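Trainee: Please dock the two separately framed chains into a single complex, following the hints provided.
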Amino acid sequence: MSAKKWFSPVKKYPEQRGRFIAARALVLAGAVVVLAAVVIIALGREAKHPVAVIRHNGEIVAKIALSDTEAFEIPITGGDGNLTNLIQVRPGQICVVWADCPDQICVNQGWISNGPKPITCLPNKVVIEIIEGDQDLDAVS
Amino acid sequence: MKLRLTPFLLLIALLCGCGNNQNQSAGRTEALLGTVITVTAYGPNAEAGLDAAFAEAKRLEKIFSYTDPESELSQFNHSVPDDNPVRVSDDLYGLTVTALKYRDLTEGAFDPALGCLIELWGVGTENARIPEESELQELLSQNGTIEAQDGNILIRKNGARLHLGAIAKGYVGDRMKSVLVKSGVESAILNLGGNVVTIGKKPDGSDWRVGVTDPLSPQKALASPVIEVTDMAVVTSGGYERYFEQDGERYHHILAPKTGFPADSDLLSVTVAAGDSAFADAMSTALFVMGEQRARAFVESSAEINRAVLITSDEQIIVVEGMGN
Numbered sequence: 012m013s014a015k016k017w018f019s020p021v022k023k024y025p026e027q028r029g030r031f032i033a034a035r036a037l038v039l040a041g042a043v044v045v046l047a048a049v050v051i052i053a054l055g056r057e058a059k060h061p062v063a064v065i066r067h068n069g070e071i072v073a074k075i076a077l078s079d080t081e082a083f084e085i086p087i088t089g090g091d092g093n094l095t096n097l098i099q100v101r102p103g104q105i106c107v108v109w110a111d112c113p114d115q116i117c118v119n120q121g122w123i124s125n126g127p128k129p130i131t132c133l134p135n136k137v138v139i140e141i142i143e144g145d146q147d148l149d150a151v152s
Numbered sequence: 087m088k089l090r091l092t093p094f095l096l097l098i099a100l101l102c103g104c105g106n107n108q109n110q111s112a113g114r115t116e117a118l119l120g121t122v123i124t125v126t127a128y129g130p131n132a133e134a135g136l137d138a139a140f141a142e143a144k145r146l147e148k149i150f151s152y153t154d155p156e157s158e159l160s161q162f163n164h165s166v167p168d169d170n171p172v173r174v175s176d177d178l179y180g181l182t183v184t185a186l187k188y189r190d191l192t193e194g195a196f197d198p199a200l201g202c203l204i205e206l207w208g209v210g211t212e213n214a215r216i217p218e219e220s221e222l223q224e225l226l227s228q229n230g231t232i233e234a235q236d237g238n239i240l241i242r243k244n245g246a247r248l249h250l251g252a253i254a255k256g257y258v259g260d261r262m263k264s265v266l267v268k269s270g271v272e273s274a275i276l277n278l279g280g281n282v283v284t285i286g287k288k289p290d291g292s293d294w295r296v297g298v299t300d301p302l303s304p305q306k307a308l309a310s311p312v313i314e315v316t317d318m319a320v321v322t323s324g325g326y327e328r329y330f331e332q333d334g335e336r337y338h339h340i341l342a343p344k345t346g347f348p349a350d351s352d353l354l355s356v357t358v359a360a361g362d363s364a365f366a367d368a369m370s371t372a373l374f375v376m377g378e379q380r381a382r383a384f385v386e387s388s389a390e391i392n393r394a395v396l397i398t399s400d401e402q403i404i405v406v407e408g409m410g411n
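Read top to bottom, the protein sequences are chains A and B. Start counting the first sequence at 12; every next residue gets the next number (this note's numbering). Start counting the second sequence at 87; every next residue gets the next number (this note's numbering).
Isolated chain B, as found in the complex (with noise of 0.2 angstroms):
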């Protein structure tokens, strides 16, 4: 039998032309934020798309940096009187807002006035120190709270400090993903310290794929579960991302609001998949603080998150389905 070559070597050519990467990529880090912002978009708009987000990112720094004092939040921050009202500019009105919403709707365990109790402790600073108990006594019993007014206008009560750490990155995500769009991107992934951000899928058509960081050994990521989404956020809040450590203990970043302490969760870290990025931001650090049994509760009767994964202290790692998709 005649043996033709000519047909096995085009399949050959073939499949390996396949491998090539037809679509034009193109990839940007910056340091922004307090962390770094890495996103990788493809098709032609990619390069365009890239200079427009990054630009919209440098925007918003200059909003919602907590750090640096010519900042909007802590020119705000620290107007005087307290207790005046201040017209801010749109984004800063607006997830101030959004995050004063999610204050209510997570029942206090998510709270954007938390400025003066995150200072007291300094987690993540060279200044990191246990509080004294007069000291948080004092801070809690004070009530202090930011207020939203018609117009633009907010309201520092009580010698309140605005702090929006537990929003800002998944903000900037959503913005950073709504100027791609509009520059004709239609796959992309962002990645700001975690906060991760997809749009559309893959360019080869499959589903982007996210793992989750192993809170027990932070430089690995767990085997399973592997988050596989489209066009969707998936976002990790966890006491083992900032920390510091005091006569054998460890003091984490996450505050529960009501005690004034890190959480005592049983939680290790959650992440939440959900279409908003800033809206899995503050949920993630929600349901970290609330603990296990009421953070379920709250995923299950969701509307808006798709799936969360919550690990316990005693290392379980549970997956728990939301209705949002």
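Just chain A, same shape as in the assembly (with noise of 0.2 angstroms):
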């Protein structure tokens, strides 16, 4: 396949050289530009902390900022000392994967990894909202 065959624009309007280069150097410019957006906007991404707020009674018992760590757990007892929700934080998200409530909406929610829907334990006073914001933060005090 020789390259004679595609159509060379400079070839065939030899007078107009000049403008076909950088045409063709502007093409070329706007694909770096608009590729090295894509990596830089992809890189932000993974940068963005929201922060769940867990409240039990009422009372504030954590602020995690959901960032990329490993998995862990953090359980929420009764009065009695007994387990009554297990909450579970994975990257970017949380969700209550146990608890001993009848009616299991907290657990049925699943994952969450936004502020519209908070998770809610009504019978264990459990709830957890995630704050929203544009800034990354590495906590909330």
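Keep in mind that the hints were calculated from the coordinates and are not lab data. Possibly wrong hints are sitting among the right ones.
[What the hints assert, rightly or not] DSSO-like cross-link-like pairs, simulated, lysine-lysine; straight-line CA separation at most 30 angstroms:
{"id": "1", "chain 1": "B", "residue 1": "K243", "chain 2": "B", "residue 2": "K268"}
{"id": "2", "chain 1": "B", "residue 1": "K148", "chain 2": "A", "residue 2": "K136"}
{"id": "3", "chain 1": "B", "residue 1": "K288", "chain 2": "B", "residue 2": "K144"}
{"id": "4", "chain 1": "B", "residue 1": "K287", "chain 2": "B", "residue 2": "K268"}
{"id": "5", "chain 1": "B", "residue 1": "K187", "chain 2": "B", "residue 2": "K344"}
{"id": "6", "chain 1": "B", "residue 1": "K243", "chain 2": "B", "residue 2": "K148"}
{"id": "7", "chain 1": "A", "residue 1": "K128", "chain 2": "B", "residue 2": "K306"}
{"id": "8", "chain 1": "B", "residue 1": "K144", "chain 2": "B", "residue 2": "K287"}
{"id": "9", "chain 1": "B", "residue 1": "K187", "chain 2": "B", "residue 2": "K268"}
{"id": "10", "chain 1": "B", "residue 1": "K144", "chain 2": "A", "residue 2": "K136"}
{"id": "11", "chain 1": "B", "residue 1": "K148", "chain 2": "B", "residue 2": "K187"}
{"id": "12", "chain 1": "A", "residue 1": "K136", "chain 2": "B", "residue 2": "K306"}
These numbers were taken from a predicted model, which means no experiment stands behind them.
Mentor: Written as structure tokens, this is what we have:
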């Protein structure tokens, strides 16, 4: 497949050679900018840190930056010291993985990663909300 | 003109490579001291550092817990008779002496001898109630206090009970940090129920970014300010953290030592950034009790406070610079 069979605007219109070379350079520069932008945005996405606020009996018991660490668990216990809810955290997400409540609404809600619908366990008075924020925070005091 | 693809591909590969977390990290969360403690540590010593730090937190919980009847603090509070010198551990003695120093520094706005008053109100428990005026007057008139003497001696005067709730989390944060640093950890962030402690900078060399809870919508962080710190603690106290409601009125947990009532402050919350976490913890409580005017003056003349964020009841956000670095 010879390169000469390809349409070459420079060869066909030699007097406009300069314009075609400039056009190619512009397209190439544009492609590099777009590519760089895509890479930068992709990297920026990794840095977002939503913060989960866990309340028990109306009291804030934890504020967790859902960053990319290993998964871990948070036990919530009732007045008698027995486990009532087991909360699981994994990169960017949080859920109630086990609860002793009769309706299991909190467990059925599954993983959440953003604010619109907090996880609520009414019988055990546990609420998990995600703090919205465009800024990437490492923690919330 | 010839297009060389190879250098571009290499550039893209390089950029993607920078996004990957080259630093090892380890995270752990445990429920301790009536709150949840989360630590994320970086570097090859992270895992070992976490083991040591949480072991230290558990050891300190057995000393400082107010609700555990077996803790050293509880045993001290229930020792009989009153007004009796009791020999205590270095940790309990040291933190009590520090707390008494902060009581003097804040002219009583922070006070570690409020155990009986706190129990009377019961905020955050099932027994939360508004005490009778007579009960409060009787308690306040007793002038209970805690005295420290040489040789690790503490004495409860006039029926006082030691309560270190407004400083213990901060102290545990400092101790966990110290243990992590000894283990060789140079970058980490600890969060003890909103009491944030940082070690060094983030792995990428930037400052840690700590948000401030919006006291009017505690499920949100304020868009501004974001407190950027290296190797510092950031602690917030606010009425919204723990309260009960009765007849349409809200009664929060930060009691004013002079009145015996929840502090009638013109502030909704106070956030303090300082090198020492126990100090930041105690000061955030004291500044809340002081109110805006006194708090401002205190921060501006403080050599230890880096800066404080005061949120007033008419929703103004005031950032006050201290003299600490």
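Trainee: Taking the numbered hints from earlier one at a time, note which ones the structure violates and give those numbers from smallest to largest.
Mentor: Per hint list: single violation, 1.
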